[in-house]
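Residue numbers (the numbering used here), protein chains in the order written: chain C, 513 to 928; chain V, 513 to 928.
Don't read these hints as lab results, they were simulated from the structure.
Don't take each hint at face value.
Some but not every residue of chain V turned toward chain C, in silico, with C-beta under 8 Å [stated by the list, open to error]: (1) Ile605; (2) Leu609; (3) Met669; (4) Tyr671; (5) Glu778; (6) Ala836; (7) Ala912.
Ideal placement from N, C-alpha and C gives every residue a C-beta, glycine not left out.
Number of protein chains: 2
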Amino acid sequence: MESHGTPYDLESLETQTARPRVGAFDRWIARKLLAARGNPPVPIRLWDGSEVGPGAETAVGRLRIADRSTLLRLVAQGELGFGDAYSEGKIEIDGDLVQTLTALFNAAEPKGWLTRLMTRRNRPRAHTHTLGGSRESIHHHYDLGNDFYALWLDAAMVYTCAYFPTPTVSLEEAQEAKLEHVCRKIRLRKGERVLEAGCGWGALALYMARRHGARVTAFNISREQIAYAREQAERQGIGSLVEFVEDDYHNAHGRYDAFVSVGMLEHVGPENYEALGRVIDRSLHADGRGLIHSIGRPQSVPMNRWIERRIFPGSYCPTLSEMARVLEPWNLGVLDIENLRLHYAKTLEHWLERFENNADQVRARFDERFVRTWRLYLAGSIAAFLSGSFQLFQLVFARAGSHAVPWTREYLYTQS
Amino acid sequence: MESHGTPYDLESLETQTARPRVGAFDRWIARKLLAARGNPPVPIRLWDGSEVGPGAETAVGRLRIADRSTLLRLVAQGELGFGDAYSEGKIEIDGDLVQTLTALFNAAEPKGWLTRLMTRRNRPRAHTHTLGGSRESIHHHYDLGNDFYALWLDAAMVYTCAYFPTPTVSLEEAQEAKLEHVCRKIRLRKGERVLEAGCGWGALALYMARRHGARVTAFNISREQIAYAREQAERQGIGSLVEFVEDDYHNAHGRYDAFVSVGMLEHVGPENYEALGRVIDRSLHADGRGLIHSIGRPQSVPMNRWIERRIFPGSYCPTLSEMARVLEPWNLGVLDIENLRLHYAKTLEHWLERFENNADQVRARFDERFVRTWRLYLAGSIAAFLSGSFQLFQLVFARAGSHAVPWTREYLYTQS
């Protein structure tokens, strides 16, 4: 379990866990916590059963807090303390988890000294995106075991936002539709060479080779993912078309007809966006096309500290103006941006449902804390997309003066 | 003619216009000028008929320079001197005007001391976007007389990029297709209230009312354009649906279902983008939609100094990251961006053709210099879009957490 969380240094608080009676001070702290979150329609039930906050008639859900130390941890550690306390079972959420989290995210802008205190404590730690640091971060998340992800991803193991032509299609159909949507957007043709930066378990590279006869060079620094992807390429008999490289994309060489990166930019610090653009610039033919698909933000904010610590070390979701830093220094022009925010909420709903259906297996392999950690991460991500804190930008680009660009986007929506 | 150009202070140069013999110094200057533009495939013919630069076999066009003072003006005044000298007939361009200008724009990044000198001199003058300053700038360009624009715009007087479903449709069809494309993108419904900032001669506002039954409040600070638009509203019998306000959009009040601004952002200085966003934020309902259509840039560069001085005072074309400054402070989320760069080149080709067909009337009303100024402006703009120096961004947005957003973009491309 070392890789999924740092042990807490809560000894000083643990001494207080003899459940002392709830006092005026505890209720004052709870009210301040709610005010600091903009007074969401989510009351807090304290360890003696008493409640603080809005009444049942307006409540969307309810936070149950196990003891004083947990209450104080929310003050001291903000969202990191909230996430960890939920993982440990010291916080329970009554009512629908996603709806309650969405209500928390949707509340008005927080105010007050407590917020300032919490915000200060919530600044993400400095994170260096050296290759060594990135390997460690990627290992932390992606090398939990392919079997674990297979329990709740689709059959092709696509761990990014799907594209649902209609909201009711299955996750498998939606992920395949996403792969095809990407291939259409870059107008992929047979025999073309594609560079992929951050290929996950290889689903897009394999699809491009299998369905479109493209020759793909795909980079990833996750050993387990690369091993899985290579095995798939052999199984599907397309080993000669796809090369999976266990290395950093900065080491890519050669020239390509297209560049794609789906769900990788979140792991690249903004300080490295220009360097990513340099790789794209030197890799792309004059009439090459590119696509970057990434979680984004409407406004620049640091990643939730709990997610950044416990789930995705070093992650950051950029605004569009920050994403543009990949392209603008290299005179690459944006052709098309599509926001698939609600598609990611839908994708995550499928993942969470499958995860819950397999929670017993996850618990048997890891433990209850791990189950609760991932439940909160998946449900919290749905809430973030529903509330608009997260967006999903799919961005198509070419050299600013390229004439090899489609006349309109109609071809994306007509059957071929 | 005072409003179309500032008289030149060239007395010191005019004394040299007795066409002195071309010497080694003149040829050296001409070679340096070409090098400073990245050695484009465009030779310079000097006033004695001798040529400098690439040979006829690679040449796309040719610059003919009338005298030494013009040559020196190119050094001293860069693109401003080039434009003015062309207007005055001191520079002629042999070969296709658009192709030659495109070749000049497409040449490699310029280098050398002369470039540095010219770039320093070419910085646009500081321009204050006060309401008074804006009125003056807008008057300069848009109040040349509606009759003048009617000579070369489409019948609905749309002076922004058209949308050509296929490259061969007429300008009239393409402008109507653009108006409909905009209405579809914001999913305009009957009875909805629309705020338009910068309405030109009113074509979009009139279309929204006439075809979709929308109630539109449209702002413009050009007196001639507003007068024309009001007359059209009466003629079309939709005066009760459209209100044309001769005022700055900052003075808009009330709440609207949609915000649109087509071809206005180019006249708003980046220092005022956040204030534009404030107007949008306070004007838009919770589930409101918005569209901004603007000429953009792949990289941040000042406007061509000749265009900024002689054609569009105070104009600036933003990069996408600069455009995002309108939205990001207000938590507005980008739903969709489409780049219509080649559609603007096509639109301008239609305008230039109509302009040339009516050049005699323009000359009779103004003078030859005016004809040459507008010819260079229209042809140069085509070259800027073809070479990628200009882009055209059509950006759709809503509040970051809005659920009143379309599920996919397919509805834009299916017949209704």
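Hints and how they fare:
The criterion of a C-beta within 8 Å of any C-beta in chain C is not met by Ile605 (chain V), whose closest approach is roughly 21 Å, and the hint is violated. With a cut of 8 Å, the hint placing Leu609 (chain V) at the interface with chain C is violated, because the nearest CB-to-CB distance is about 19 Å. The closest approach between the C-beta of Met669 (chain V) and any C-beta of chain C is roughly 24 Å, which is over the 8 Å cut-off, so the hint fails. At its closest, the beta carbon of Tyr671 (chain V) sits 22 Å from a beta carbon of chain C; the interface hint therefore is violated under the 8 Å criterion.
Given hint, Glu778 (chain V) at the interface with chain C, is violated; its Cβ is 17 Å from that chain's nearest Cβ, farther than 8 Å. Contact between Ala836 (chain V) and chain C, as hinted, is supported at the beta carbon level, the nearest pair being about 4 Å apart and thus within 8 Å. Interface restraint check for Ala912 (chain V): the shortest CB-CB distance to chain C comes to about 4 Å, inside 8 Å, so the restraint holds.
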